[in-house]
Amino acid sequence: MALRLARRRSALETAPTASGSAALSLQRNTMRRNELKAPGPDPLRPEARLRWRDHFTLSENVLHVPGMHREHDGLRIAHLSDIHVGQATSAVRIRRAVAEVNAREPDLIFLTGDYVTHSPKPLPRVIELLAGFSRPVFVVLGNHDHWVDAHYLRTGFERLGYTVLQNEHRVLQMRGAPLTVLGIDDGRTHRDDVEATFRGAPESGTRLVLTHAPPTVEKLPANGNLVQFSGHTHGGQFVVRGLTEAIFRRAGQPYIQGHYHVRGNQLYVNMGLGFGFGGPYLRRGTYPEVAFFTLRHAEAAASL
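So for the sequence shown, UniProt numbering puts the first residue at 1; every next one is plus one.
Derived by calculation from the structure, the hints in this document are not laboratory data. A couple of the hints might just be wrong.
When the alpha-carbon atoms are kept at most 20 angstroms apart in a straight line, the in silico EDC-like pairs for lysine to aspartate or glutamate are as follows [as the list claims (entries may be wrong)]:
| # | residue 1 | residue 2 |
| --- | --- | --- |
| 1 | K219 | D149 |
| 2 | K219 | D193 |
| 3 | K121 | E100 |
| 4 | K121 | D149 |
| 5 | K219 | E195 |
Make a model of the complete structure from these sequences and hints.
Below is the structure:
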(Lines of atoms letter the chains of each structure in order from A and count residues from 1; the text may use other names and numbers.)
(Lines give C-alpha, C1' and ligand atoms only; values in the text may rest on other atoms or scores of the structure.)
Protein backbone atom coordinates (compact mmCIF):
# COMPACT_ATOMS: atom_id res chain seq x y z
CA MET A 1 0.00 0.00 0.00
CA ALA A 2 1.39 3.31 -1.02
CA LEU A 3 2.36 5.60 1.80
CA ARG A 4 0.82 9.03 1.68
CA LEU A 5 3.39 11.38 3.13
CA ALA A 6 1.90 14.69 4.24
CA ARG A 7 2.93 17.80 2.35
CA ARG A 8 3.13 21.03 4.25
CA ARG A 9 1.43 23.99 2.60
CA SER A 10 2.01 27.67 3.14
CA ALA A 11 -0.04 29.68 5.59
CA LEU A 12 -1.74 31.35 2.62
CA GLU A 13 -3.46 28.09 1.66
CA THR A 14 -6.12 28.28 4.34
CA ALA A 15 -9.30 27.74 2.34
CA PRO A 16 -10.46 24.10 2.51
CA THR A 17 -11.50 22.42 -0.75
CA ALA A 18 -14.36 19.92 -0.49
CA SER A 19 -14.52 16.78 -2.59
CA GLY A 20 -17.42 14.37 -2.83
CA SER A 21 -16.32 12.40 -5.86
CA ALA A 22 -14.68 9.46 -4.09
CA ALA A 23 -16.94 7.73 -1.62
CA LEU A 24 -14.20 5.84 0.19
CA SER A 25 -11.63 8.55 0.59
CA LEU A 26 -10.13 10.98 3.02
CA GLN A 27 -9.02 14.35 1.69
CA ARG A 28 -6.43 16.37 3.53
CA ASN A 29 -7.78 19.80 2.72
CA THR A 30 -5.54 22.11 4.66
CA MET A 31 -2.16 21.79 6.31
CA ARG A 32 -0.56 24.96 7.50
CA ARG A 33 1.69 26.24 10.24
CA ASN A 34 0.12 28.47 12.86
CA GLU A 35 0.30 32.19 12.28
CA LEU A 36 3.40 33.88 13.65
CA LYS A 37 1.41 36.39 15.68
CA ALA A 38 -0.73 35.03 18.51
CA PRO A 39 -4.36 36.15 18.03
CA GLY A 40 -4.70 37.10 21.69
CA PRO A 41 -2.96 36.93 25.06
CA ASP A 42 -1.32 33.58 25.68
CA PRO A 43 -1.91 32.40 29.26
CA LEU A 44 1.58 30.89 29.47
CA ARG A 45 3.54 33.52 27.54
CA PRO A 46 2.78 37.26 27.65
CA GLU A 47 4.60 38.21 24.42
CA ALA A 48 2.58 38.19 21.21
CA ARG A 49 5.43 36.82 19.10
CA LEU A 50 5.92 33.08 19.42
CA ARG A 51 9.08 31.05 19.22
CA TRP A 52 9.41 28.48 16.44
CA ARG A 53 9.13 25.63 18.95
CA ASP A 54 5.66 26.87 19.98
CA HIS A 55 4.13 26.27 16.53
CA PHE A 56 2.21 23.27 15.28
CA THR A 57 0.51 22.13 12.08
CA LEU A 58 -3.25 22.02 11.51
CA SER A 59 -4.80 19.47 9.17
CA GLU A 60 -8.41 19.49 7.96
CA ASN A 61 -9.72 16.16 6.71
CA VAL A 62 -12.98 14.82 5.31
CA LEU A 63 -13.74 11.16 6.04
CA HIS A 64 -16.33 9.39 3.89
CA VAL A 65 -17.64 6.53 6.02
CA PRO A 66 -19.99 3.89 4.60
CA GLY A 67 -22.52 2.44 7.02
CA MET A 68 -22.47 5.25 9.55
CA HIS A 69 -25.73 6.80 10.74
CA ARG A 70 -26.92 9.60 8.46
CA GLU A 71 -27.56 11.75 11.52
CA HIS A 72 -23.78 11.90 12.02
CA ASP A 73 -23.09 13.40 8.60
CA GLY A 74 -21.06 16.54 9.30
CA LEU A 75 -19.89 15.43 12.75
CA ARG A 76 -16.59 17.09 13.72
CA ILE A 77 -13.70 15.39 15.55
CA ALA A 78 -10.39 16.74 16.86
CA HIS A 79 -7.49 14.30 17.22
CA LEU A 80 -4.25 14.79 19.18
CA SER A 81 -1.57 12.18 19.82
CA ASP A 82 1.99 11.69 21.12
CA ILE A 83 2.15 14.89 23.14
CA HIS A 84 5.22 13.83 25.15
CA VAL A 85 4.97 16.46 27.87
CA GLY A 86 8.42 17.46 29.11
CA GLN A 87 11.51 19.27 27.89
CA ALA A 88 11.10 17.85 24.37
CA THR A 89 7.76 19.60 23.75
CA SER A 90 6.89 23.25 24.26
CA ALA A 91 4.25 23.77 26.96
CA VAL A 92 3.03 26.83 25.05
CA ARG A 93 2.50 24.66 21.97
CA ILE A 94 0.33 22.27 23.98
CA ARG A 95 -1.80 25.01 25.52
CA ARG A 96 -2.20 26.67 22.12
CA ALA A 97 -3.36 23.35 20.70
CA VAL A 98 -5.98 23.01 23.45
CA ALA A 99 -7.15 26.57 22.73
CA GLU A 100 -7.31 25.90 18.98
CA VAL A 101 -9.42 22.78 19.50
CA ASN A 102 -11.83 24.66 21.76
CA ALA A 103 -12.09 27.52 19.28
CA ARG A 104 -13.13 25.14 16.49
CA GLU A 105 -15.80 23.51 18.68
CA PRO A 106 -15.62 19.88 17.50
CA ASP A 107 -18.27 17.42 18.63
CA LEU A 108 -15.69 14.98 20.04
CA ILE A 109 -12.00 15.10 21.02
CA PHE A 110 -9.73 12.04 20.78
CA LEU A 111 -6.36 11.66 22.54
CA THR A 112 -4.39 8.59 21.43
CA GLY A 113 -1.51 8.10 23.82
CA ASP A 114 2.10 8.83 24.77
CA TYR A 115 1.56 11.81 27.06
CA VAL A 116 5.01 11.33 28.63
CA THR A 117 8.32 9.92 27.39
CA HIS A 118 10.67 8.23 29.90
CA SER A 119 10.56 10.21 33.14
CA PRO A 120 7.69 10.37 35.66
CA LYS A 121 8.54 14.00 36.51
CA PRO A 122 6.19 15.53 33.88
CA LEU A 123 3.17 13.46 35.01
CA PRO A 124 1.45 16.31 36.95
CA ARG A 125 2.09 18.65 34.01
CA VAL A 126 0.25 16.29 31.66
CA ILE A 127 -2.99 16.79 33.55
CA GLU A 128 -2.37 20.52 33.93
CA LEU A 129 -1.56 21.18 30.26
CA LEU A 130 -4.32 18.98 28.82
CA ALA A 131 -7.05 20.33 31.10
CA GLY A 132 -9.79 22.59 29.82
CA PHE A 133 -11.18 20.90 26.72
CA SER A 134 -14.75 22.11 26.29
CA ARG A 135 -16.18 19.06 24.48
CA PRO A 136 -16.32 15.34 25.38
CA VAL A 137 -12.83 13.82 25.46
CA PHE A 138 -11.95 10.14 24.93
CA VAL A 139 -8.48 8.89 25.87
CA VAL A 140 -6.39 5.80 25.23
CA LEU A 141 -2.88 5.14 26.53
CA GLY A 142 0.38 4.55 24.66
CA ASN A 143 3.47 2.44 25.24
CA HIS A 144 5.37 5.24 27.03
CA ASP A 145 2.40 5.80 29.34
CA HIS A 146 2.51 2.17 30.40
CA TRP A 147 6.27 2.27 30.84
CA VAL A 148 6.02 5.35 33.11
CA ASP A 149 2.72 5.25 35.08
CA ALA A 150 -0.53 4.32 33.34
CA HIS A 151 -2.54 4.31 36.57
CA TYR A 152 -1.57 7.90 37.41
CA LEU A 153 -2.52 9.09 33.94
CA ARG A 154 -5.84 7.27 33.87
CA THR A 155 -6.78 8.62 37.30
CA GLY A 156 -5.70 12.14 36.35
CA PHE A 157 -7.67 12.20 33.11
CA GLU A 158 -10.74 10.84 34.85
CA ARG A 159 -10.51 13.66 37.41
CA LEU A 160 -10.78 16.05 34.46
CA GLY A 161 -13.98 14.32 33.39
CA TYR A 162 -12.36 12.63 30.38
CA THR A 163 -13.30 9.05 29.44
CA VAL A 164 -10.31 6.68 29.45
CA LEU A 165 -10.83 3.44 27.53
CA GLN A 166 -8.62 0.39 28.03
CA ASN A 167 -10.14 -2.40 25.95
CA GLU A 168 -13.57 -0.87 26.55
CA HIS A 169 -16.26 0.89 24.55
CA ARG A 170 -18.92 3.53 25.10
CA VAL A 171 -22.14 4.14 23.19
CA LEU A 172 -23.16 7.80 22.98
CA GLN A 173 -26.36 9.36 21.73
CA MET A 174 -25.37 12.10 19.31
CA ARG A 175 -27.87 13.94 17.13
CA GLY A 176 -30.47 11.34 17.99
CA ALA A 177 -28.42 8.30 16.89
CA PRO A 178 -25.97 5.98 18.67
CA LEU A 179 -22.24 6.47 18.14
CA THR A 180 -19.81 3.86 19.45
CA VAL A 181 -16.31 4.80 20.61
CA LEU A 182 -14.07 1.74 21.01
CA GLY A 183 -10.82 2.25 22.91
CA ILE A 184 -8.22 -0.49 22.46
CA ASP A 185 -5.24 -0.48 24.81
CA ASP A 186 -1.69 -0.21 23.51
CA GLY A 187 -0.51 -2.88 21.08
CA ARG A 188 3.15 -1.99 21.34
CA THR A 189 3.17 -3.30 24.93
CA HIS A 190 0.82 -6.19 24.02
CA ARG A 191 -2.06 -4.84 26.09
CA ASP A 192 -4.49 -4.65 23.18
CA ASP A 193 -7.55 -6.92 23.46
CA VAL A 194 -9.79 -6.35 20.45
CA GLU A 195 -12.21 -9.10 21.41
CA ALA A 196 -12.83 -7.59 24.86
CA THR A 197 -13.20 -4.11 23.38
CA PHE A 198 -15.89 -5.19 20.90
CA ARG A 199 -17.72 -7.52 23.26
CA GLY A 200 -21.32 -6.28 23.57
CA ALA A 201 -20.73 -3.33 21.23
CA PRO A 202 -23.07 -2.53 18.31
CA GLU A 203 -22.09 -4.41 15.17
CA SER A 204 -23.07 -1.62 12.76
CA GLY A 205 -23.66 2.11 12.61
CA THR A 206 -21.08 4.79 13.43
CA ARG A 207 -18.14 3.06 15.09
CA LEU A 208 -14.88 4.90 15.80
CA VAL A 209 -11.79 3.14 17.16
CA LEU A 210 -9.05 4.75 19.26
CA THR A 211 -5.75 2.96 19.79
CA HIS A 212 -2.15 4.12 19.99
CA ALA A 213 -0.33 1.74 17.66
CA PRO A 214 -1.47 1.77 13.99
CA PRO A 215 -0.93 -1.99 13.25
CA THR A 216 -3.83 -2.81 15.59
CA VAL A 217 -6.00 -2.00 12.56
CA GLU A 218 -5.08 -5.43 11.18
CA LYS A 219 -6.82 -7.07 14.18
CA LEU A 220 -10.13 -5.28 13.69
CA PRO A 221 -13.15 -7.16 12.29
CA ALA A 222 -12.73 -7.10 8.52
CA ASN A 223 -15.10 -5.05 6.35
CA GLY A 224 -16.59 -3.43 9.43
CA ASN A 225 -16.73 0.15 8.10
CA LEU A 226 -14.68 1.12 11.14
CA VAL A 227 -12.47 4.20 11.40
CA GLN A 228 -9.34 3.87 13.58
CA PHE A 229 -7.45 6.90 14.94
CA SER A 230 -3.84 6.27 15.98
CA GLY A 231 -0.43 7.89 16.47
CA HIS A 232 2.85 6.38 17.75
CA THR A 233 5.01 6.89 14.63
CA HIS A 234 5.47 10.70 14.81
CA GLY A 235 4.90 10.61 11.06
CA GLY A 236 8.27 8.88 10.66
CA GLN A 237 10.04 11.49 12.84
CA PHE A 238 12.97 11.97 10.43
CA VAL A 239 11.75 11.18 6.94
CA VAL A 240 14.16 10.18 4.21
CA ARG A 241 12.14 9.12 1.19
CA GLY A 242 12.30 5.37 0.65
CA LEU A 243 14.57 4.66 3.63
CA THR A 244 12.09 5.65 6.36
CA GLU A 245 9.33 3.52 4.86
CA ALA A 246 11.67 0.52 4.59
CA ILE A 247 12.82 0.85 8.21
CA PHE A 248 9.28 1.17 9.53
CA ARG A 249 8.03 -1.79 7.48
CA ARG A 250 10.86 -3.93 8.81
CA ALA A 251 9.89 -2.87 12.35
CA GLY A 252 6.29 -3.96 11.74
CA GLN A 253 4.99 -0.39 11.33
CA PRO A 254 3.84 -0.08 7.70
CA TYR A 255 1.42 2.75 8.51
CA ILE A 256 3.42 5.93 9.12
CA GLN A 257 1.24 8.99 8.57
CA GLY A 258 -2.08 9.98 7.03
CA HIS A 259 -4.94 7.86 5.72
CA TYR A 260 -5.08 4.16 4.81
CA HIS A 261 -7.66 1.54 3.85
CA VAL A 262 -6.98 -1.79 5.61
CA ARG A 263 -9.19 -4.89 5.31
CA GLY A 264 -12.38 -2.93 4.71
CA ASN A 265 -11.73 -0.36 7.45
CA GLN A 266 -10.05 3.05 7.53
CA LEU A 267 -7.03 4.25 9.52
CA TYR A 268 -5.66 7.71 10.21
CA VAL A 269 -2.16 8.02 11.68
CA ASN A 270 -1.56 11.36 13.39
CA MET A 271 1.98 12.81 13.24
CA GLY A 272 1.79 13.73 16.94
CA LEU A 273 1.93 17.08 18.71
CA GLY A 274 5.19 16.48 20.59
CA PHE A 275 8.90 16.70 19.73
CA GLY A 276 10.66 18.67 17.00
CA PHE A 277 10.81 22.44 16.48
CA GLY A 278 13.68 23.21 18.85
CA GLY A 279 13.49 20.16 21.10
CA PRO A 280 16.13 17.45 21.49
CA TYR A 281 14.25 15.05 19.16
CA LEU A 282 14.49 16.51 15.66
CA ARG A 283 11.87 16.18 12.96
CA ARG A 284 12.44 16.18 9.22
CA GLY A 285 9.62 15.98 6.70
CA THR A 286 7.04 15.74 9.48
CA TYR A 287 5.50 18.36 11.74
CA PRO A 288 3.66 18.53 15.09
CA GLU A 289 0.01 18.00 14.17
CA VAL A 290 -3.49 18.68 15.42
CA ALA A 291 -5.94 16.93 13.09
CA PHE A 292 -9.59 17.81 12.51
CA PHE A 293 -12.10 15.57 10.76
CA THR A 294 -15.53 16.04 9.27
CA LEU A 295 -17.47 12.77 8.93
CA ARG A 296 -19.53 12.34 5.79
CA HIS A 297 -21.93 9.53 5.04
CA ALA A 298 -20.41 7.79 2.02
CA GLU A 299 -23.68 7.34 0.10
CA ALA A 300 -24.71 10.95 0.70
CA ALA A 301 -21.32 12.19 -0.48
CA ALA A 302 -21.49 10.05 -3.63
CA SER A 303 -24.84 11.58 -4.57
CA LEU A 304 -23.50 15.17 -4.54
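Going through the hints against the structure:
A distance of roughly 26 angstroms separates the Cα atoms of K219 and D149; the hinted pair therefore is violated under the 20 angstroms criterion. Using a Cα cut-off of 20 angstroms, the hinted pair K219 and D193 holds, with the two alpha carbons roughly 9 angstroms apart. At most 20 angstroms may separate the alpha-carbon atoms for a hinted pair to count; K121 and E100 exceed this at roughly 26 angstroms. Between K121 and D149, the direct Cα distance comes to roughly 11 angstroms. Compliance with the 20 angstroms bound is thereby established for this hinted pair.
A distance of roughly 9 angstroms separates the Cα atoms of K219 and E195; the hinted pair therefore holds under the 20 angstroms criterion.
Comparing the model with each earlier hint shows violations of hints 1, 3; every other hint is respected.
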